[in-house]
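Read top to bottom, the protein sequences are chains A and B. Following our numbering, the numbering of the first sequence begins with 158 at its first residue and continues without gaps. Following our numbering, the numbering of the second sequence begins with -13 at its first residue and continues without gaps.
Hints listed in this document are in silico derivations from the structure and should not be mistaken for laboratory results. One should not assume that every hint holds.
[Claimed, not checked] The calculated SDA-like cross-link candidates involving lysine to any residue, where the alpha carbons are at most 20 Å apart (straight line), are:
id: 1; chain 1: B; residue 1: Lys3; chain 2: A; residue 2: Thr248
id: 2; chain 1: A; residue 1: Lys338; chain 2: A; residue 2: Thr408
id: 3; chain 1: B; residue 1: Lys143; chain 2: A; residue 2: Asp247
id: 4; chain 1: A; residue 1: Lys229; chain 2: B; residue 2: Leu70
id: 5; chain 1: B; residue 1: Lys3; chain 2: A; residue 2: Asp250
id: 6; chain 1: B; residue 1: Lys143; chain 2: B; residue 2: Trp6
id: 7; chain 1: B; residue 1: Lys3; chain 2: A; residue 2: Asn245
id: 8; chain 1: A; residue 1: Lys229; chain 2: B; residue 2: Gln192
id: 9; chain 1: B; residue 1: Lys3; chain 2: A; residue 2: Lys229
id: 10; chain 1: A; residue 1: Lys229; chain 2: B; residue 2: Arg66
id: 11; chain 1: B; residue 1: Lys120; chain 2: B; residue 2: Leu70
id: 12; chain 1: B; residue 1: Lys143; chain 2: B; residue 2: Arg66
id: 13; chain 1: A; residue 1: Lys338; chain 2: A; residue 2: Gln303
id: 14; chain 1: A; residue 1: Lys448; chain 2: A; residue 2: Glu463
id: 15; chain 1: B; residue 1: Lys143; chain 2: B; residue 2: Thr133
id: 16; chain 1: B; residue 1: Lys120; chain 2: B; residue 2: Leu28
id: 17; chain 1: B; residue 1: Lys143; chain 2: A; residue 2: Ala368
id: 18; chain 1: A; residue 1: Lys350; chain 2: A; residue 2: Gln303
id: 19; chain 1: B; residue 1: Lys3; chain 2: A; residue 2: Gly249
These numbers were taken from a predicted model, which means no experiment stands behind them.
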Amino acid sequence: MKGKHWPRLAVVLIALALVAAACGDSDDTTTTAAAAAATTTTAAATTTTGAAAATTTTEAMAEVPGLVEEGKLIVVTTGNFPPYTLINADTGDNEGYSIDLAQAVADRLGLEAEFPTVDFVAELEGLAQGLYDIADSGIWPNQARQEAGFVFSRPVTSTGIIAQVVAEMVDSEGFGDVTGKKIGGIQGSSQEKLVLDGEAEMGYDEYLGFAGAAEALIGLQQGRVDLLVFDTLVAGYTAVTNDEFGVAGPTIFPHPLSFTYQTGNEAKRDAIDVALNELLADGTVAALQIKWFGRCIPVPDDINQEAPYDTMASGC
Amino acid sequence: MELDWGVVVRAFDLLLKGTWLTLILFFFSMLLGSVLGLILALMRMSRYRVARWLSLGYIWLFRGIPVLVILFFAFFVVGRELGLTPVQSGILGLGFSAAAYIAEIIRAGIISVDPGQFEASESLGMTKRHYMRKIIIPQSIRVIIPTYMSNSILVLKVTSVAVAIGIVELTGITRQLSNSTTRPIELFTAAAGIYVILTTVIIVAQEVLERRFALKT
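For reference, chain A alone in the conformation it holds in the complex (with noise of 0.2 Å):
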């Protein structure tokens, strides 16, 4: 081959590999699942049935702006916070409460749910970006994301901090006294910030930030650390799951949890709090909760509500 032509096998060369790695691309790295027409045609003649709720599904489906695509709502997760949204082991597809729920949601609004997966600080920079319309992985409205420009949803549950513990521990304190415990996390997550932020109260010896749950849980097995702090409802999942796990102690800093939306989506949060209200109303997330949680959760009224709620989801 003469070598003037060096360059233009080059290009093609760079270009075969961008148009080959498209292909399955989206089958690799999202789970989508279409929306049937005869949803769609059940969402238009739904009508509102609960207090909270003002408007139709039917309004609110002419209604959702600002959609990343046109017809799609796209959700992204971690894929990796159970009961929230977490790959099963058999089919390799993304389940969970959080999966489950928005996917009522674009049902009932008669979109396309497609759920990438991505790590949680992509999460949240995606969705900054406009790449995402919502993020969903156990998110919790916090006053520090609050004031970062989030826009949140109604709560969509709630949920508390316990200590992920090993079997043998169960009847241990957890938070009730970490003195002198070492203390593991998921580095980045609102459980680590209060645990940090409250080093001085806590007395704890040390805290170890890991990189996902996974790890934690390692660090936990081989006594890297005492105890973990985990969201209550992860935690529970993981003690059910496996029963080299269990809980301990009370749950603190209960708080609720809700779809986030990029700054200036509140347009597009309002529409779909309407087929969420639709959606407690009717018993859908009574059965969810059920579902995932094995129990009903209070939900929350507001995302500033204090604690204790008392609001459960219809059905329950």
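Using the hints, position chain B against chain A.
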């Protein structure tokens, strides 16, 4: 601690799917990195000062930035502007990062050839293109192969960083399954075994290439 290897059997298809994505990332980013690395190496040895400085600047910049940060830029800045998918952005980021190292590996191979051979080739009336192809590159290949292949192994393993931008390759699927099954030790051990198999293939390829290009005595 009781290990449950059944979880690896259950998740084996998903681990293979993640492995396939790892191989796609590796192959195309090495392809991009090698083509770009060769161009950069030749620019770095060019008689034109602008080409030398451009190449030096690229290599300085891309060796100075962590791969994770390059991937973030590739996905959230370049990828967004060009409408690239996560995998395309990943190949771009990994390939551009690898090119900086490959350029220096190729350059090291070329300058390892005795300068007298360049002069001898020119005195025989050979053009630069001719003596590079026939005299210099065949000799420099022997120096390039071990470091190039070691760098390939590093690129293979660094594909695991791509999970940060949503590419669920081998490490990514292992982390996700570790969380859903709460069996991280078993799944990470399986993933480590797969990486060892993949790197073994590269090491064997290195041996074959070294023998192919060895000096005949």
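Right, here's what the structure says about each hint:
1. Lys3/B <-> Thr248/A: Answer holds: Lys3/B to Thr248/A is near 12 Å, not above 20 Å.
2. Lys338/A <-> Thr408/A: This hinted pair holds, its Cα atoms lying about 18 Å apart.
3. Lys143/B <-> Asp247/A: Roughly 26 Å between the alpha carbons, so the hint for Lys143/B and Asp247/A is violated.
4. Lys229/A <-> Leu70/B: Distance of about 18 Å is within 20 Å: holds.
5. Lys3/B <-> Asp250/A: Between Lys3/B and Asp250/A the Cα gap is close to 13 Å, so the pair holds against 20 Å.
6. Lys143/B <-> Trp6/B: OK: Lys143/B and Trp6/B at ~14 Å, within 20 Å.
7. Lys3/B <-> Asn245/A: holds (14 Å)
8. Lys229/A <-> Gln192/B: violated (48 Å)
9. Lys3/B <-> Lys229/A: Violated - the C-alpha atoms of Lys229/A and Lys3/B are around 26 Å apart, more than 20 Å.
10. Lys229/A <-> Arg66/B: Given pair Lys229/A, Arg66/B holds - Cα atoms ~18 Å apart, limit 20 Å.
11. Lys120/B <-> Leu70/B: violated (40 Å)
12. Lys143/B <-> Arg66/B: Outside the cut-off at roughly 25 Å; violated.
13. Lys338/A <-> Gln303/A: Answer violated: Lys338/A to Gln303/A is near 32 Å, above 20 Å.
14. Lys448/A <-> Glu463/A: violated (27 Å)
15. Lys143/B <-> Thr133/B: holds (15 Å)
16. Lys120/B <-> Leu28/B: The given pair, whose Cα atoms are some 16 Å apart, holds under the 20 Å limit.
17. Lys143/B <-> Ala368/A: OK: Lys143/B and Ala368/A at ~17 Å, within 20 Å.
18. Lys350/A <-> Gln303/A: holds (16 Å)
19. Lys3/B <-> Gly249/A: holds (10 Å)
Checked against the numbered hints given earlier, the structure breaks hints 3, 8, 9, 11, 12, 13 and 14 and satisfies all the rest.
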